[in-house]
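> Assemble the complex: chain P is given as a structure, and chain E must be docked to it using the hints.
Below are the chains, spelled out letter by letter.
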Amino acid sequence: MSDHHRISTDELLALLFKERNLEAFLQRNESAYLMPSFSDYLNAWCRRNLAYPEQVIRRTNLEKSYGHQLFTGKRNPSRDTVLQLAFAMKADLAQAQEMLRIARRSVLYPRIKRDAVIIYCLHNHLSLEDTQSVLQDLGLPQLGGRET
Amino acid sequence: MSELKRIVADMETVFAQSGYPADFLADYDQMECLASHPGRETFLVRRKDSGETAVASCYDRTAFPIRPDIRLLRELNHPGLPRYLEEYRNERMICVVREYIPGETLSVYARERQLTLRQIAAIGEELCDILHVLHTHEPPVIHRDLKPENVIIRPDGSAALIDFDISRAVKTEAQTDTFFFGTKGYAPPEQYGFGQTDARADIYALGVLLRWLVTGSARENRNVRIDGRLQGVIDRCTAFSPEDRYADVLKVRDALRAVRTRPRRIRPAVAAALAAAAAALLLCGFAVGRWTDWLRPPERIAFAEPLVERAVRLQLGKARGALTPEELAGVRSLYIYGTEAFPDFDGYSRCTVDGSSPGSVRTLDDLRLLPGLESFFMGREGLVDVSALGELPQLRSVELKHMKVYSVEDLARDRRLEYAVLFDIGVSDFTPLENCPWLTTLDVGLNPVTDLRQLGTHPGVQSLGLMWLKLDSLEGLPARFPAVRTVSLQHSGSVDLTPLRELPRLETVYVLAEQAGAAEAALAGGGVTVQVTEN
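Sequence lines, in order, name chains P and E.
Take our numbering: the final residue in the first sequence is number 513, and no numbers are missing along the way.
Take our numbering: the final residue in the second sequence is number 606, and no numbers are missing along the way.
Chain P on its own, in the form it takes in the complex (with noise of 0.2 Å):
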């Protein structure tokens, strides 16, 4: 884990749970269907990050070959799979939310236990592992378990 600074858990979400805070921090977008596609975001993420899909599909555990069919747009990612990505692609927040938007799935929701670890371990740039053993200590689904 990095070692800059860091705001405490109920710190974060205090600030979420303020009902303008809350608003903006879902943004409601009525017209979230009309986003660039999944794989457009991808490969423009790694040109501009000058990384190749293989070393991102690496990070996340995914299957290589699934993994490709998200780059090629020949499947669209499950919820968890976008939230790995976004671990992978070392994202902020507000990244991780854009790249839910852009593949169509709900965002994190602060009033969800688990989506608020997600949020607190994404905001603090924790990896994916520690991610995994923060939710498995508190008995909640880990990312990437049985497809919703």
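Honestly, the hints are just simulated from the structure, not real lab data.
Misleading hints may appear alongside valid ones.
Listed below are the simulated DSSO-like cross-link pairs for lysine-lysine, each with C-alpha atoms no more than 30 Å apart in a straight line [as the list claims (entries may be wrong)]: (1) P/Lys439 - E/Lys389; (2) E/Lys472 - E/Lys541; (3) E/Lys389 - P/Lys429; (4) P/Lys455 - P/Lys429; (5) P/Lys429 - P/Lys439; (6) E/Lys76 - P/Lys455; (7) E/Lys475 - E/Lys541; (8) E/Lys472 - P/Lys439; (9) E/Lys322 - E/Lys389; (10) E/Lys119 - E/Lys76; (11) P/Lys439 - P/Lys455.
Here is chain E on its own, set in the frame of chain P:
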């Protein structure tokens, strides 16, 4: 205590007071929030013991004015409505768990397919059947929030109606609705307080939904031509006064069935003329066909531009041999840069102006052979006729860079365009793109634009590219692009960025290092990230 243990302990403390019924949290994992409004939330949940997925609507009894009518939910038993499973309560909240209906929302389903008139009418008929169950319940139940997002199309194609949060049983003594619920655009005038809503409110919303399915817009637009019979049904469903609408949904269903099943009536005189013309053509055909190879197999498909053909063959993995119309219909994306074609975005995106030679493509007429094309990426060509781009029914994403196009009018005929990167294409007027209501990404960098009025107004655009523009001012940008979340302003000179502070959703501004100081000063305290890029 390790940091991870501390996070676990903090989370336990924070969520000990979450307010949801303890037995609900003991039985179910909350997986996603599907909808959130003040006082009511809808969650996708998973039962811990069986792993079964369900949907839970949770109401804060102190904040939400209407409580769910549990008896009503139990009684409404129809395959087109989610089945009631169980409920949980504490002093603050009620959580009602219902069947999860797998599938796509109608908004997504319709967007990803080119629905025919018959399919639209069939969906409408099915919704009428479901609404009929609600409206004939005792007392009648009005859904009051019928919209594409609240209709699920199952994998087998059948429809279901979800989200009963604001449904209500009609109280005959009430004169007006106490609270406004519903969705702007789909709710009829009386739902804004002009009277009490009854079944005809759902008929109004159904009419708007049908219009959306046909035109892509909930608002009336007489410029879009609709089948006359369906237009008649929509007009009558959406009449201002409830008295002028269909009296009940079964009448709407019958009208839609007529649209779907009965051929268009042709006036006798027209029919006679058509018959005579057909007979004459038949005779000519026989006469000519006897002396020519009239019945020979169709000609081999030929491309006007070799590079477009190469790009198509790369998609199909077929370097040579004849191409069939069926194969061509399966092509979804094309990538061309300079003199090269690429199989995917990856190769295309590595090309640069300096590292490539200009190509010789002059027309995109070949794209008319590709009715399923969704994405078209092209860069570093000369003067190109792009008129074919406006005739592709599935086209959603277009990237044209470093070429001469001069006008986006043809492109703007494609109303469903979502992603348009139009960089350095010699265009000074982007207002025709106002015709594309679903546009979310617009990049107009390095074009002869000095005034924002040349860009038009785009309420849906979230990502805006203004690199290399010599804009006089950004005044008025928030009014023209109210939904923008990211703006690229590299190489845009010293234009004042303070108007960007008025963008309510702005998250990130991309600038060069030399612009960063001014950008941070202009946007200080607004929660906007100033991101520095190398070029």
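> All hints are to be evaluated individually against the structure, with a verdict given for each.
Hint-by-hint comparison with the structure:
Restraint check for P/Lys439 and E/Lys389: the C-alpha separation of about 19 Å stays at or below 30 Å, so the hint holds. The suggested pairing of E/Lys472 with E/Lys541 holds, with an alpha-carbon distance near 18 Å, which does not exceed 30 Å. For the proposed pair E/Lys389 and P/Lys429, the alpha carbon gap of about 25 Å is at most 30 Å, so the pair holds. For the proposed pair P/Lys455 and P/Lys429, the alpha carbon gap of about 19 Å is at most 30 Å, so the pair holds.
The suggested pairing of P/Lys429 with P/Lys439 holds, with an alpha-carbon distance near 14 Å, which does not exceed 30 Å. A distance of roughly 22 Å separates the Cα atoms of E/Lys76 and P/Lys455; the hinted pair therefore holds under the 30 Å criterion. Annotation: proposed proximity of E/Lys475 to E/Lys541 holds, straight-line Cα distance about 19 Å (limit 30 Å). Proximity of E/Lys472 to P/Lys439 is assessed by CA-CA distance (about 26 Å); at most 30 Å being required, the pair is judged to hold.
Restraint check for E/Lys322 and E/Lys389: not satisfied, since their Cα atoms lie roughly 53 Å apart, outside the 30 Å limit. Taking the CA atoms of E/Lys119 and E/Lys76, the gap is about 24 Å. The hint holds against a cut of 30 Å. The suggested pairing of P/Lys439 with P/Lys455 holds, with an alpha-carbon distance near 24 Å, which does not exceed 30 Å.
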